[in-house]
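Q: Each chain is listed here by its residues.
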Amino acid sequence: MIPLLLILIPVVSAILTFFLKNGNAAKNWALIASTATLIVGLYALCPVCKLEFDATWLPLLGSRFSLSLDGLSKMLVLLTAISFPVVFASTYNNEYKQSNAFYGLMLLTQAGLMGVFLASDCLLFYFFWELALIPVYFLCSIWGGEKRIAVTFKFFVYTFVGSLLMLIGILYLYFQTPDHSFAIKSFYALKLSASQQNLAFWLFFIAFAIKMPIFPLHTWQPDAYEQSPTAVTMILSGVMVKMGIYAVIRWLIPIFPSATVKYADIIIIASVIGMIYASLIAIKQDDVKRLVAYSSIAHIGLMSAVLFSLKTIGWNGVMIQMFNHGINVIGLWIVADAIEQKLGTRKFSELGGLAQKAPVLAILLVVLAFANVALPLTNAFVGEFLMFNGLFQYNFWIAGVAGISIILGAVYTLNMVQKIFYGQTVPATQNALEIKGNVQFVLIILVLVIIGFGVYPQPMIDLTKHIHP
Amino acid sequence: MPIQYYIYLALSLFSIGVVGVLTRRNAIIIFMCIELMLNATNLLLVAFSKMHHAVALASNTATQVGIEGQLFVFFIMVVAAAEVSVGLAIIVMMYRNTHSVDINFLNRLKN
Amino acid sequence: MNAIILSALCGVVMMFSGILLKNKSAIKYVAIAALLVLIIGNLFQFYGIYTIDIDSKGLLSFDRTGLFFNTIIFVATLAYFILSGSDIERAGPDVAEYFALIFFVLCGVTILTSFNGLLMFFIGIEILSIPLYILTGSDKKNLKSNEASLKYFLMGSFSTGILLMGITLIYGATGSFGLQSTTIKSAVTGFSSAGILAPVGLVLLFISMCFKVSAAPFHFWAPDVYDGAPSVFTSFMATIVKAAGFFAFIKLFAAKSEDFGPGPAWKLILFVIIVATLFIGNITAVFQQSVKRMLAYSSIAQAGFMLFALYSTNDFTKDGILLYTAAYSFATIGIFSILTKMEDYSLDGFNGLSKSQPVLAFTNTVFFLSLSGIPLTAGFFAKYYMLASAIKGGGSLSLVIIAVLFAAVSVYYYFKVIQAMYFKEGVAATNTPITGNFKVALIVLAAIIVILGIYPTALLGFYYF
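Chains as they are written, first to last, in our numbering: chain A, 17 to 485; chain B, 9 to 119; chain C, 1044 to 1508.
Hint data in this document are derived by calculation from the structure and do not stem from the laboratory.
Please read these numbers as outputs of a predicted model, since none were measured by experiment.
The reader is advised that the hints may include incorrect statements.
[Claimed, not checked] Here are the computed lysine to any residue pairs in the SDA-like style, where the Cα-Cα straight-line distance is at most 20 Å:
1) C:Lys1435 x A:Ile297
2) A:Lys363 x A:Ile297
3) A:Lys37 x C:Pro1401
4) C:Lys1184 x B:Val100
[What the hints assert, rightly or not] Per label pair, the in silico range of CB-to-CB distance:
5) C:Gly1504 x A:Leu61: 34 to 42 Å
6) C:Thr1478 x A:Lys163: 36 to 44 Å
7) A:Leu464 x C:Glu1386: 54 to 62 Å
8) A:Lys170 x C:Pro1136: 48 to 56 Å
9) A:Tyr204 x C:Val1487: 55 to 63 Å
10) B:Leu19 x C:Asp1096: 37 to 45 Å
11) C:Lys1187 x A:Asn38: 46 to 54 Å
[Said to hold, decoys possible] Facing chain A, according to a computed beta carbon distance under 7 Å, are these residues of chain C, among others:
12) Ala1431
13) Ile1434
14) Val1447
15) Phe1466
Here a beta-carbon is modelled for each residue, glycine too, at the ideal position from N, C-alpha and C.
Can you make the complete structure from the sequences, with help from the hints?
A: Pasting the structure below:
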């Protein structure tokens, strides 16, 4: 029942939100609904509750509405559940035209994401995969920046092509199962020949690679992040990119073990190239949003490289890091949004000396920046440590090259902090004020999570042990 | 007379019809060519009908085999008549508007 | 038999209602009532409650698939009458005749779903086509309508000629008009290449059916005809008539395709035709500025997907063609009913519709999402079944991949309308005031599409249980 609630609360409240005429009511309602989802999500962490749901859906097709929750799912469900109230609270002061539609679509996105992380039936998974995409298309196209229509459409077409290819893959596997079923157990039990695996592997992998995104399929991402309204960008980079990684862990590698081994080298090399490339571009950026976007590509590249190195310890690191990266990147976006809302610009070159005017924000950002660089005592350290541990076991040189991106990451992150917050104040920051209470509150919570899990990561490591699809 | 003569004749008539439809520009002539195609079909159907009947007759003197081919011909004639009535009405309607039955004329008017 | 007789009777009733009733809306309500009678009569036969039984000497045979297809077509027509009935009233002075002709087309559809031989097949095709020539030209003073009508008529008769030659050759080779007779008789003595008659006949049949369903390379008449015909009748032609043509096409070739000889050649022909149809339909649609013309090309593109049912004949295709008909017809009827209300048929004419008419914009979005095959709409399962049938056949994964790439192209032009409605500024104007009833009908139609998208068993359940 709990998995069903996690999807049902957002869906129902989304539908209600569309009918609220008053913008503020919609905003508050969305905040309440997402908090309710968070409470259910926290409750789902308890080890004894029944975490499966199964109902008839399409008997003619052999698909069931079945959801289940294991350690991996819990991690991402928790991330999804936390991020939406955080996003709503931190952007509480932003005014949107037709805000009922905005919040309704946001909640639908949440439902889609929850479904992706919960589904244990492949057709159902595909449904939620698309459900998470369509509201985002409308969100970005209606409320985004100037070039929004073209950019969002590029994003949509990329992911849509990917998911259609995945649909072919799903159907292909479906007809291989002896009992013609979409259940994850039937898919895991498949005995595919090498050539079958190689073919279907790519059909699935392209969809996931576009979503993550892995070099060279990443070109939609920086533009989409820049043009989307910030609330959506937070979800895109904090939660949505994890869909790809989750899908690789849950579906791709267990179904196609031998194809994975065969193509692992190519994918790892592409990921590492993407990391270095994105880090180098990030150094060149003058725009906070684009910098965080490229930094996100670099982080995701590391995760996918570690995934395909197929080492258990690395995988544990990836799972922890999925959660932590989500928290950290949302924190960074909140800061970027606060700066843009207040000063009307996101360019470093037009900013400086903000620490004198907004000391609290400065301290919070420094913690977030340290977490983004994965310094010890921040949450990201544990994850990155485990990930590099796995990557070193796989290949020393690849781990070494990937390590360079960590250094580059430190360069651009600290460079950003320094340029925006320290040095002389410039005209733009002359009259800056401290950030609003709600943003402070949210950021403080995030920072507490960061430090908390940095000091005591054991609960997360325990969670990664429970993977049983 | 052997069946292949009928086949060759009918196919020649049919081909004349097809070529006429594809090359002529006068709506009435195209229409006549289509009728030619239908009539070629009728001829061939009757010939086939007789052929099948003759074969069946050898084994059974009271056979009805082959009658359905001739039946089909009547249906074709009826349908063709219906088509003629509609088709001529359409051509007349066009003639009233453009004072021409050239099928390219309409294209030229449009642009 | 119920549906055939009732639909012909309804047509006659509608003709006379034009003499008796002078009020145009009254005629519309008579037509809706007659259609309801027709639906009920058909359901009576479907559930075996009461059947008018006339001995057709084996020329007709009724099965559940055909009767169910009738039901879908009738319900789609009902939606069409309710949504576009007022546009039919405005199409010209002879409202009753238009309705009568539509009923005669439906009679043709019912024959096409139950033919058991080439004779009835031919009669059905003709009964379906001849009223359409008249409907296409119903805008008598409009040169575009004239041209469309003439073109449609000449192309239609031409393809009928080819069809008949095909039937004749098959008859010559097999000695019967039945569907099952694959035994080639040796009667054609004296003709040195007698063995070639049946395959040539089938190829001619195939070509003529490609004409009727506008599959490339025999599609060239379709855009002009669909564009030239009055929009309200384009809607009918592009959905109900086309779906019925497909049903007949599939029914015929499911029985006859073995006559081509074993597999590969036949599959290769279809492969080329499907790819060509998808290519021409989708790529040309991208460049259209008029939504009506774009829909004409999109109907060619959708035909490419429906041809999948021909490519692979297995248990998925039957469900697939039923779902595809429902999904495609409902969505397109909805889109056309909105289109005919618009002042300007170009893409820019839709700019800002979400501000001026939010209900129209929202339902139109659902219809377009369904046409592009996005999950949660009926269109997804329609495409799903088609792809599944092809994959199940095995060995045609390349065709499926090409098809989904074109499906992604189709998203490009369908979404242009959504972008115009929601993301662009403008004042989209309608040519008539939008009534509350119309909005309610649209919402119901959109809801049906969404329900079929979440739970397609709702439709197929009727068929199976």
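Q: Look at each hint and say if it fits the structure.
A: Right, here's what the structure says about each hint:
1. C:Lys1435 x A:Ile297: violated, 46 Å
2. A:Lys363 x A:Ile297: Between lysine 363 of chain A and isoleucine 297 of chain A the Cα gap is close to 15 Å, so the pair holds against 20 Å.
3. A:Lys37 x C:Pro1401: holds, 14 Å
4. C:Lys1184 x B:Val100: holds, 12 Å
5. C:Gly1504 x A:Leu61: 34 to 42 Å: holds, 39 Å
6. C:Thr1478 x A:Lys163: 36 to 44 Å: holds, 39 Å
7. A:Leu464 x C:Glu1386: 54 to 62 Å: holds, 58 Å
8. A:Lys170 x C:Pro1136: 48 to 56 Å: holds, 50 Å
9. A:Tyr204 x C:Val1487: 55 to 63 Å: Cβ of tyrosine 204 of chain A to Cβ of valine 1487 of chain C: about 42 Å, so the range 55 to 63 Å is violated.
10. B:Leu19 x C:Asp1096: 37 to 45 Å: Since leucine 19 of chain B and aspartate 1096 of chain C have Cβ atoms about 42 Å apart, the given range 37 to 45 Å holds.
11. C:Lys1187 x A:Asn38: 46 to 54 Å: holds, 49 Å
12. Ala1431: holds, 5 Å
13. Ile1434: Nearest chain A Cβ about 5 Å off; hint holds.
14. Val1447: holds, 4 Å
15. Phe1466: Constraint on phenylalanine 1466 of chain C satisfied, holds at 5 Å.
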